[in-house]
Amino acid sequence: MFKENKKAQIGETMTLGLATLIIIFLIIAFVIISTFIAGGISRGIKTESITMSSKEEAITSLLAYLQTPVNISINEKEQEIIIADLIRLATVNRSYEKVLQEKSKEILDPVYKGKYALHALPLEIVSVIGRPSFTYTLIPSKNPINVIFGLVKEEK
Amino acid sequence: MKNKKAIVGGETVISFYKILLIGLIALGFIIVISIFYSAKYDIRPAESVLLARRVINCIATNGIAKLEALDSARVTECAGLSKEETNEFYIKAVISYSNSSSFTIGSSTLEPLCGAKGKYMPYCLSQKYYLLLEQNGNLERARLDLLIAIKKFEENV
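Chains as they are written, first to last, in the numbering used here: chain A, 233 to 388; chain B, -6 to 150.
Be aware that one or more of the hints could be misleading.
The calculated lysine-lysine pairs, modelled on DSSO-like cross-linking and capped at a C-alpha distance of 30 Å, are [to be verified]:
| hint | chain 1 | residue 1 | chain 2 | residue 2 |
| --- | --- | --- | --- | --- |
| 1 | B | Lys110 | B | Lys121 |
| 2 | A | Lys287 | B | Lys33 |
| 3 | B | Lys85 | A | Lys337 |
By construction, these hints were calculated from the structure, which means they are not laboratory data.
The whole structure should be built from the sequences, with the hints applied where relevant.
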């Protein structure tokens, strides 16, 4: 009877010991995880990402870009049209794609010095190496054209 | 009788142990919550973006700017900036077209501090916009360089 009681006590103590170890392990894991999520004690003050900032720049610049008047030759006749219309024209007649690329560079390069990406699906107007944060707008057409514009900005 | 005492003694030890465990778990909760909620956030970057958005909406609607809108008094009123706050921020807008025009709002002493590293330094946001400038019914290509510096290192950090 005495021996049986002793064995039972060993089992109970081991269960409690194991439970304690598991609880301690979980608490340590939660502390590490919460420290990581909160940004670390030693890392100081956290700041927001600048993605929002470059999107703001991109959408305003994109709207201005689409409304920019340019002179192009259509059927050997010099005509002034806005970029949005030139994109529509280039999606219908791909021979205007090169004109669109040239005009787009002429407009945007003085401001962004090539650090941007611009697509008017299915046209690829300007592409860059880097990670631009994209913004987009639609040009109304028979098949609406999705114009995507992104700026490459370095994190400070 | 002896056995009964041993059982009572053992149960008391286990009860204390269980209370200790509950205390340990509660302490763990407190530590985790305090670590998570004591993390400091610098909201000035978000504030500067919102301020830039307001300024841009005042200067150029849908990407088209008007020359008469490039006026510090107009922008201050349009963006709803209070005069008591002008020591806490600095806005500098330079628009370059065939000519050039600029205006500033706020404390200009913040501008030289942009780029300086340190705890009590302003947060600076520099943006470049491609815009169209409307003048006498004509549209001209323009570039806007916008600098926003926010001091507020005590209130917003």
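Comparing the hints with the structure gives:
1. Lys110(B) / Lys121(B): holds, 23 Å
2. Lys287(A) / Lys33(B): holds, 25 Å
3. Lys85(B) / Lys337(A): Status holds; Cα separation ~27 Å.
Violated hints: none; the structure is consistent with every hint.
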